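Protein chains: 4
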Amino acid sequence: MQVETTTIATTSPKLVDCYRAVRNFSLKLCETLSPEDCTIQSMPDASPTRWHLAHTTWFFETFLLRERGDYRRYSEDFEVLFNSYYNTVGEQFPRPHRGLLSRPSLGEVLAYRDYVDEQMVRLLNDRVEEVDSIVTLGLQHEQQHQELMLTDIKHMLGRNPLEPVYRDGNWHSAQARGSEWLEFDEGLYEIGHSSQPRAEAFAFDNESPVHRHFLPPFRLASQLVTCGDFMRFIDDGGYQKPELWLSEGWNTANNDGWQAPLYWRQSQGQWSHFTLGGQRPVDMNRPVCHVSYFEADAYARWAGLRLPTEFEWEVAALDESKRATNQATFADSLIASDDVVHPIGSDALMGDVWQWTASQYTAYPGYVAPAGALGEYNGKFMCNQFVLRGGSCATHSTHARATYRNFFAPAARWQFSGIRLAK
Amino acid sequence: MQVETTTIATTSPKLVDCYRAVRNFSLKLCETLSPEDCTIQSMPDASPTRWHLAHTTWFFETFLLRERGDYRRYSEDFEVLFNSYYNTVGEQFPRPHRGLLSRPSLGEVLAYRDYVDEQMVRLLNDRVEEVDSIVTLGLQHEQQHQELMLTDIKHMLGRNPLEPVYRDGNWHSAQARGSEWLEFDEGLYEIGHSSQPRAEAFAFDNESPVHRHFLPPFRLASQLVTCGDFMRFIDDGGYQKPELWLSEGWNTANNDGWQAPLYWRQSQGQWSHFTLGGQRPVDMNRPVCHVSYFEADAYARWAGLRLPTEFEWEVAALDESKRATNQATFADSLIASDDVVHPIGSDALMGDVWQWTASQYTAYPGYVAPAGALGEYNGKFMCNQFVLRGGSCATHSTHARATYRNFFAPAARWQFSGIRLAK
Amino acid sequence: MQVETTTIATTSPKLVDCYRAVRNFSLKLCETLSPEDCTIQSMPDASPTRWHLAHTTWFFETFLLRERGDYRRYSEDFEVLFNSYYNTVGEQFPRPHRGLLSRPSLGEVLAYRDYVDEQMVRLLNDRVEEVDSIVTLGLQHEQQHQELMLTDIKHMLGRNPLEPVYRDGNWHSAQARGSEWLEFDEGLYEIGHSSQPRAEAFAFDNESPVHRHFLPPFRLASQLVTCGDFMRFIDDGGYQKPELWLSEGWNTANNDGWQAPLYWRQSQGQWSHFTLGGQRPVDMNRPVCHVSYFEADAYARWAGLRLPTEFEWEVAALDESKRATNQATFADSLIASDDVVHPIGSDALMGDVWQWTASQYTAYPGYVAPAGALGEYNGKFMCNQFVLRGGSCATHSTHARATYRNFFAPAARWQFSGIRLAK
Amino acid sequence: MQVETTTIATTSPKLVDCYRAVRNFSLKLCETLSPEDCTIQSMPDASPTRWHLAHTTWFFETFLLRERGDYRRYSEDFEVLFNSYYNTVGEQFPRPHRGLLSRPSLGEVLAYRDYVDEQMVRLLNDRVEEVDSIVTLGLQHEQQHQELMLTDIKHMLGRNPLEPVYRDGNWHSAQARGSEWLEFDEGLYEIGHSSQPRAEAFAFDNESPVHRHFLPPFRLASQLVTCGDFMRFIDDGGYQKPELWLSEGWNTANNDGWQAPLYWRQSQGQWSHFTLGGQRPVDMNRPVCHVSYFEADAYARWAGLRLPTEFEWEVAALDESKRATNQATFADSLIASDDVVHPIGSDALMGDVWQWTASQYTAYPGYVAPAGALGEYNGKFMCNQFVLRGGSCATHSTHARATYRNFFAPAARWQFSGIRLAK
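Same order as they appear, the protein sequences are chains A, B, C and D. The opening residue of the first sequence carries number 0 in numbering that gives the first Met the number 0; numbering runs sequentially from there. The opening residue of the second sequence carries number 0 in numbering that gives the first Met the number 0; numbering runs sequentially from there. The opening residue of the third sequence carries number 0 in numbering that gives the first Met the number 0; numbering runs sequentially from there. The opening residue of the fourth sequence carries number 0 in numbering that gives the first Met the number 0; numbering runs sequentially from there.
Just so you know, these hints were derived from the structure itself, not from any lab. Quick caveat, the model's predicted, so the values are computed rather than measured. Mixed in with the good hints, there may be bad ones.
Any copy, or any two copies together, can satisfy a pair, since identical chains are not distinguished.
The calculated PhoX-like cross-link candidates involving lysine-lysine, where the alpha carbons are at most 20 Å apart (straight line), are [to be verified]: (1) 13 / 422; (2) 379 / 422; (3) 379 / 27; (4) 240 / 13; (5) 240 / 379.
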């Protein structure tokens, strides 16, 4: 506890810099996008880039600036337009209709960002300590949306037969040959994030409380499943064998005609896939990505293995991070970072692709959602979702940690989601 | 026949000017629109403005330029992307997905237009007479899309709670007080457009062949039904009385919650409606607009009257035009026009709003669709559509004529469609 | 007028016999059906047999018995349960949910029929002349439902992989080889049914008023299109050529995977179809049946011909019936009939299959729906339907006439609908 | 292990009696049903009674009789028709279409049962020990379908405005006034069913392997939530407060218009509900039933408490059963039972209503689905379902046990599902 207080005290001077760094990074992600690119919603689960830019701004305005008496809102209309799902705040413009709005224009959304940023910087310079935790939450929130901007843009561009390039380059690192088994003993392990910081000062509410969980002995693969591995599953008729699949997965795969991961396409015997760098041949040494939980689960069954639980994953990741040095704080890392999204090295558990776990997303024992609107952030989604652990090529390096619980519906494929096996 | 040839001969020198005038007018319609505005498809029946701009260009490229050996296409991809529904030409990008395309950008679509325009002007200057009829068809086609650009933009802006203004001003003229009954005798009337021009040189294939149709005596209202008239229908519970409605209309009205014309909204006892000039109070003296066939039909039944057939309407309109002077040709009118869409005076049958007729859209006796892709223009839609006659505030003044047959599904409300009564 | 009065006067003594004959015939149609058969609704457009038996009874109860002060309803609940679509009468149990009702049981529905029949016979024996026209309407109504019982039972049994037999025997007559062209002159023809009976005493409201219609010269095929004819269309790729189809037809055929008429199945190179007599090889000499308007229209276009208008068909049929002798009244025929549904000889225009016409179903000039609930019988469906003429193997022989207008949506295939060509 | 063998050995003589008892009980449940009642499928999740009767028979035929060389199948068609979801066995008639089949009739299904029963009794009398475990599985399977027959019949009758009565009587026992808190210590508990029988000889595969689970201290309510308790939630606006609901629950409740548990109806200020005994006033002292997981979860949040995990529930139930005496085997109980479905006393954890737990349905550590078709029984549904514990008024008293894991989707309301609170 004492440590944390100290941490905040010493990092507080830098919070305004963190704020600037994160906010700038959102704009940096849009550098290659046109107003048209920023307008389209390619499916109800995705949002237009313009909306992400506005909603993350709305978050600071709603949960920080509006709480202060002297603040004058940029626009009354934006309260509803850019509310994502906070019923406690009020009505929301319907999510599936976000793509119907051509106004406010990209230009006006940027002006809205400037307006709020100016007020926020003033607020942060005023050194009001009690806002620090919400500012940090807002920055973590914006980092989550930065990843969504990339997944949503990829989905939208991927629908376009012109196969546009977002940004050239390799988005995934090659896996080392020969996965090994990392071994762990049975035991009553501590799971979750406490106010006693382990490696980071910040965590979402759904990572707590810390609690004990009993695990039998288990093993985790040192490497991710690669495209080459997954090709063998395809070639062996994995998509045609119902006995490998969960019932709901089998129905989904058949109804939607799945024959390979999302974005994969076979043409004249060659597999290529749509990437943020355009249409590319599938590289068999890189981790398979854009698979649903259903595919990850079927693959594991086909391989005679299984997916890890989120608890196994966390135990392994904490073990790894204990061995690591240089545990920088969020603020330190962020400022130090070169402002590009970059994959964490492939010898670590974290990075490259989010890893589906066998764990359905549920509350930790003793969890109670925070009071007020921010209580809607995580708790109300604890149903029909599976936990993913790790982080991906689209996750900012300062946004990953061993206790982080990402979650998506088991049919979701447009996230950067892959597979790590256990037994 | 002879006359027509002559007409074309004398107007031919001006065809290139017509081309320029029509093409420019499309751009003029976009002057107040942003790239974001031009990107969105607000429902499957509507298309993004950018798509309209490209598709009308594709029409000239496909049916004129590509027929000429030396032409080099602007882009191979555009053949599929901007094909609307011509199966004979080839595959089409699915209509409901037109709003998924952020590329080609507005800028590139404009470049595409420039490229094709340059080739077209060269072709027209070369005075190749046999292309004249297809050029004219292409220009009429573009004029149809100019109206659709306005109806689709209105629909898209109308979904936006910010109520954006497209262009200020009154879009409908006030009706004279006191409608009168225009009387017509029974008789065997000639219907349709022949190669013997009546008032214009051009007509679509669905307006021919000329044929005889027997009509009992009938009367047509001199004025359109006004918003005030329609308010009395609403106030009398017209939307709650199934006995006034066609069965399918009643189901549609209930499923979609119709309580007034599209874009109407009641707030604190006052009715306003969304217009291209923004949200405005309903002016009771102007013609009611944005009603479906179902509403037009229910209104007529409520009034103890009926809708005219398309044959009655045409007989009356030809009678009117015979009395009119100054029958300018398409080319003359177009060049003379001040390049703004303007309503035709409300004392004429034509103008202000398209008028639903009681006639389902069907082939005239002896009609055979033209061979080839252009045969798909009109004929294949002769099913489950009703004919509208007249023209609207969004119809270019050079695009209306007595024999013109517009058609839409009976539930359609986003066109500028209104009501003229008969008995 | 005088003639009609006379007719009714002389047939009145027999109306109670007609009543008994028609009502019995409905039961006869159920002889081979189990309670389970009578319960199922295989699609929203179809109804359970039990519902047909009850609804036709409801019709007499509602429009005749309930009008008489002393009548005590069989069940209050049935007023809503067995109201098909009469908003003027009151609420209706939702049509798509008719298959959710296991009660009242078949036994109770039969008891309901007995109860109403007893009252009806008493009423008819009381010789209250003013009810005669509604009784006749009720009997014609029940005859329509007798055909629907057969089409709906066929559809339901056709979904069952056990391929149950309803009743053995041939349901269609073979066509004579070599169709000829029946020729008709141009002229201003009288169309529709007047109170001056032509061949029959009864007609529905939508067959009037009589009015004049101008027709250019035309020809009608003496024979129906056969399965063999239609096979050539299939073999020539008719279902794969968009240029033959209406746009909506092409979409429907593709979305629903049409490759042949409804109930046809190809297995090991042989075509068979499900019939009321079970699964049978397709007989190439019998008329093609269970085609939609879309298929009929595409077939005609493929053959270089067209479908007749309903006016052409009526002119030809009246011409034929003028040549025929023995114009029995409805009552005479009904009593004389041997109580089986039997096809009219294939040398007549009428019989075997309903024939799609090119005419969309619309009001005759001057038509006004009758006041009150019975006005909902026909008028409110004048939209998005095509007229069929003739009658089918499932139409009682006393139910067909030259002016009869049947109508269905253009995608409907479960009726006994076929094709006669014109040019 | 030794114990189990012994158990089976001594009960084996009675297995044929168990078989007869369970099979007869299915028929007993149909005594008040008509063939029409047994035909209808009121929603895709429900099945017609006739289908349940046939499918449970198919189970014995497929997994026991067909394995024996000399068996001659009753019907080749039934293999597909009555296969529920066993892909390993082969194709299945589509589940949502089970209500389209009027054949085989109820009579023929009963004949099918007789045919299979005769063969089964012969097989059981032959004393082939290795089939015992599959016979027992088949009987447990039939007991599950007996409960489904009741829930599905209730759902079907509940759609009927005639409000038919299945069988009179009280289906739920009154709760004692004043719930108490049962307290449990923290600890590493053993969860699941082993081959070392605790209270019963049989368990499903998903109840094993036995494993250790750490639990913090917890308390469980001694009584179920009553209708009166739940009324206070309704009266307090529970259905209108999004902050009480999971996000998906809130959407479901709004889309489907939930305002009270399924089958509840308010009329003139009084609440009644549809029961298997017809429409009845809601008895405020009886347990609330027909709530979804979403409603159970929202209720618990409103009450400031929570739902128990399935592990907590099992620990408590085992504790209870340890205190109980008279641990009869399945066979003993079954034969002794008076063949009626009867609620277990309300002072026990088990009985009256299934109790939603906070646990999503997932595999126990080390669980591997059995090889072959029977491996599809439970494992492939481990996704997007929540575990229910206990048993209900529709569960046969011999079918409940402390380790039993029932599971349904969180939106399901047609099961007899209620609420027990924890903290």
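Do the hints match the structure? See the list:
no.: 1; hint: 13 / 422; verdict: neither (44 Å within a copy, 42 Å between copies)
no.: 2; hint: 379 / 422; verdict: between (31 Å within a copy, 19 Å between copies)
no.: 3; hint: 379 / 27; verdict: neither (32 Å within a copy, 44 Å between copies)
no.: 4; hint: 240 / 13; verdict: neither (55 Å within a copy, 40 Å between copies)
no.: 5; hint: 240 / 379; verdict: between (35 Å within a copy, 13 Å between copies)
The structure fails hints 1, 3, 4 (numbered hints given earlier, in ascending order).
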